[in-house]
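For the protein sequence lines, the chains are A and B, in the order given.
Just so we're aligned: 244 in this note's numbering is position 164 of the first sequence, and the numbers increase by one with no gaps anywhere.
Just so we're aligned: 351 in this note's numbering is position 271 of the second sequence, and the numbers increase by one with no gaps anywhere.
Worth flagging that the hints you see were computed from the coordinates, not collected in a lab.
Treat the numbers as computed from the prediction; the structure is a model and nothing was measured.
Misleading hints may appear alongside valid ones.
[What the hints assert, rightly or not] Part of the chain A face toward chain B, derived, beta carbon under 7 Å:
#1 Arg256
#2 Asn258
#3 Tyr259
#4 Ser260
#5 Gln261
#6 Ser262
#7 Tyr263
#8 His266
#9 Pro357
[What the hints assert, rightly or not] Reference excerpt, derived from the structure (chain B facing chain A, CB under 10 Å, subset only):
#10 Phe199
#11 Gln252
#12 Arg253
#13 Pro255
#14 Ser260
#15 Gln261
#16 Leu264
#17 Asp265
#18 Gly267
#19 Asn356
#20 Ser359
#21 Ser360
#22 Arg365
#23 Phe466
Just so you know, even glycine gets a beta-carbon here, dropped at the ideal spot from N, CA and C.
Number of protein chains: 2
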Amino acid sequence: MKDKIIINGAGLVGSLWAVFLARRGYQVDVYERRSDMRKAGFVGGRSINLAMSVRGWKALEKAGVKDQLLSNALPMEGRMMHSETGELTFQPYGKSDQAIYSVSRGGLNRALVEIAEDFEGVNFHFDHRCVDADLDENELVFSLPDGTIKKERASYIFGADGAFSALRSEMQRTPRFNYSQSYLDHGYKELEIPATADGEFAMADNALHIWPRGHFMLIALPNPDKSFTCTLFLPFEGEQSFENLQTDDQIHSFFNTYFKDAVPLMPTLLEDFKDNPTSSLVTIRCNPWQMNNRMLLIGDASHAIVPFYGQGMNSGFEDCTILDDLAEEYGEDWNKIIDVFNDTRIEDANAIADLAIRNFIEMRDLVGDPEFLLRKKIAAWLHDKFPDKFLPLYSMVTFSHIPYSTALREGHAQDELFKQILALPGIEENWKTDEVIAIFENWLTQKSNANG
Amino acid sequence: MKDKIIINGAGLVGSLWAVFLARRGYQVDVYERRSDMRKAGFVGGRSINLAMSVRGWKALEKAGVKDQLLSNALPMEGRMMHSETGELTFQPYGKSDQAIYSVSRGGLNRALVEIAEDFEGVNFHFDHRCVDADLDENELVFSLPDGTIKKERASYIFGADGAFSALRSEMQRTPRFNYSQSYLDHGYKELEIPATADGEFAMADNALHIWPRGHFMLIALPNPDKSFTCTLFLPFEGEQSFENLQTDDQIHSFFNTYFKDAVPLMPTLLEDFKDNPTSSLVTIRCNPWQMNNRMLLIGDASHAIVPFYGQGMNSGFEDCTILDDLAEEYGEDWNKIIDVFNDTRIEDANAIADLAIRNFIEMRDLVGDPEFLLRKKIAAWLHDKFPDKFLPLYSMVTFSHIPYSTALREGHAQDELFKQILALPGIEENWKTDEVIAIFENWLTQKSNANG
């Protein structure tokens with residue numbers, strides 16, 4: 081008889097991790113604060129569409145559920161930039177066969193819960209709010225809607241209960257628990273571009289659309305029903321801000337000034353803007369992630385990040401891949417697995433948190449900057465010429481399994497490289513040169529010496 | 081009739097702030113989780129002695145209680161460094177008339193509560209543990225030892241309830257509340273050097289004694305009863321660590337190796353080491369500090385720092401000075417005062433938090449470093465020669481009322497200055513030179529140009 085395992089949280093990471101554990105033969109009980117999302121129906125308004133990339137797909141494949149989920153995912157091969165005058169510029173994310181995939185958070189979550197329950201025998205307990213934990217006894221205390229209190233113990237407990245994790249709140253009170261929650265000055269609001277009258281996509285459906293406007297931006301991701309889910313990222317306060325978008329006139333005037341080409345595609349703009357909540361953007365870091373080698377936080381519970389690298393779900397799913405790899409390596413010795421995961425994964429989570437904040441600046445601001453675009457082009461050219469020696473940062477994060485912390489360090493090194501390259505006189509006109517290659521090769525040598 | 085004001089926490093900052101408010105004619109109720117410290121007797125073992133400097137004295141003076149408290153404070157004019165071979169080096173903190181003062185936390189706290197209650201009519205409510213808060217109603221909920229629950233409202237509430245503030249916990253759940261708690265890898269343990277058999281101090285009593293040993297250190301501060309309170313700062317884990325000091329032999333051998341001259345002065349070393357707890361060292365930052373301009377965190381509740389600059393209490397007391405100055409400036413419009421304080425003080429709290437961590441490295445490591453000592457000497461000489469133009473960082477923090485954030489910026493600028501000065505050939509032998517003065521004057525000019 082294998083150990084009993086509890087997962088707190090039936091979100092994306094919790095339900096996927098339940099599948100992994102059930103496949104290894106464990107009795108898995110998943111407790112979830114919310115009602116069963118399969119019965120309650122989809123609740124919109126706060127769900128930035130997800131961009132699944134290779135780290136996410138790898139976890140789904142390892143869990144044996146990739147094929148079932150691929151059919152509802154829409155490939156986005158690059159960014160489509162919308163200028164203020166409506167000019168479009170397409171910027172591929174990677175090579176021609178590489179894409180990130182737009183998926184619906186609600187749809188994916190429902191599918192994972194169904195697979196876990198129907199095919200893997202996982203027990204889901206909805207409407208169970210975790211209100212307390214006995215960390216020494218490895219016990220969770222749940223409150224039910226009728227007011228009853230239920231206590232449950234297990235050999236191992238995984239906290240997959242999100243950015244506002246109840247388990248983490250309990251751990252935060254223990255000695256020497258490092259913790260930070262840090263909010264951006266920006267909030268976000270979901271809006272919609274529906275399918276056209278002919279039932280078609282209103283814009284190109286193979287791209288993630290961005291209206292970069294310096295301190296704020298609008299993005300749009302395609303859905304299988306041929307609509308786009310749009311998200312406006314805007315400061316809470318200041319000249320252009322949610323605070324200053326109160327009246328219909330203010331909202332109209334703001335959108336007509338900055339997102340002119342999108343306005344005709346958004347028939348319910350005013351209603352959506354007023355009905356949908358303005359949500360905040362938090363980065364959560366903590367250390368340790370585990371207690372007594374028997375309780376472990378995963379996903380947003382230990383490393384919630386801002387959505388600008390599309391790596392929130394991907395990094396949570398990668399937690400599952402790595403834990404499952406460790407289960408193999410250490411023969412399912414979970415004490416050891418939890419200890420090793422805690423010691424090695426935190427650095428990567430901190431790196432993707434930093435990268436995600438950095439990418440916000442890139443998305444809202446730099447994607448319209450000629451020097452930035454030139455750098456992108458030179459990077460793609462170098463990658464083409466030296467595929468084994470140069471992988472652009474975006475590709476490392478999105479299209480590889482290189483640890484995030486390695487990608488972040490390599491990204492800093494690449495900044496140094498491009499500082500040299502972009503300082504060359506006349507680089508704007510002529511960059512496929514021997515001089516650029518010489519700088520690149522010198523940089524490579526220095527880097528390998530430094531690592532050597 | 082003036083507003084009713086609640087202070088949560090009867091610690092140093094809470095009881096001093098109560099005196100300030102009572103003097104302005106407010107009805108002040110102070111609630112405190114612990115029992116009355118005047119009845120419970122002094123609880124030792126976790127109370128690093130406090131080093132009062134000018135920021136603390138100014139607040140006490142403004143509150144009209146300085147003279148009563150000065151008699152129990154012992155001046156320390158500098159650091160007395162103890163080398164491994166028992167060699168002593170004295171390093172003055174400032175000019176010959178400047179000192180920091182060793183005071184007992186417990187004694188100071190009792191005195192402030194007595195003054196507030198007996199002379200200012202403040203109502204103290206001990207054994208009241210704040211368990212909840214209604215931020216919209218400006219209401220606190222207290223639990224009493226007999227299990228009863230009491231709710232109290234006030235026009236304004238000040239949270240002076242320390243590093244593990246209950247009020248802050250409630251605020252932390254509100255949207256966009258930035259918060260971090262960060263622990264050092266070092267812990268601390270209190271030890272004692274009693275008075276000699278003749279009833280005298282066992283070492284010089286006009287100094288803060290330091291045994292700097294690189295990654296760890298021992299310090300000692302004098303007490304009015306001619307004993308010294310010692311504190312050992314040591315990593316929790318690693319080669320030299322609390323983890324590796326378990327047996328009597330290990331403890332003896334460690335102290336005999338590193339603190340040989342102190343051992344004969346510590347007759348109860350083993351008992352103290354085993355009986356006293358090992359405590360941790362946390363830095364707390366948050367933003368905002370206020371809710372609805374009616375509730376405000378002060379002292380450790382909003383800005384707990386590590387003790388290595390001796391500014392924890394001083395910065396909390398300075399909160400009171402600044403709030404009282406703002407009360408004057410804004411005619412006791414507390415909505416405005418709380419708003420302005422929140423907008424201006426957080427930067428200074430972050431600066432002293434950084435400086436305190438930086439000073440730990442200085443105390444445990446650099447104070448034994450010849451280059452560091454040379455820099456100190458040159459800094460003192462420059463200050464002597466140009467008293468209006470050059471104030472060493474330590475003096476800005478300890479002997480001035482310059483905002484901490486200004487001191488931190490100036491400290492960075494001084495690092496640049498000394499990088500240039502210490503790079504001069506032969507500087508060790510000869511530093512009272514025209515060349516040093518030329519570098520200094522050039523640095524001054526550049527700084528004043530940069531500040532525009």
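Worksheet item: Honestly, which of those hints from before does the structure not fit?
Response: Of the numbered hints, 8, 9, 10, 19 and 23 do not hold.
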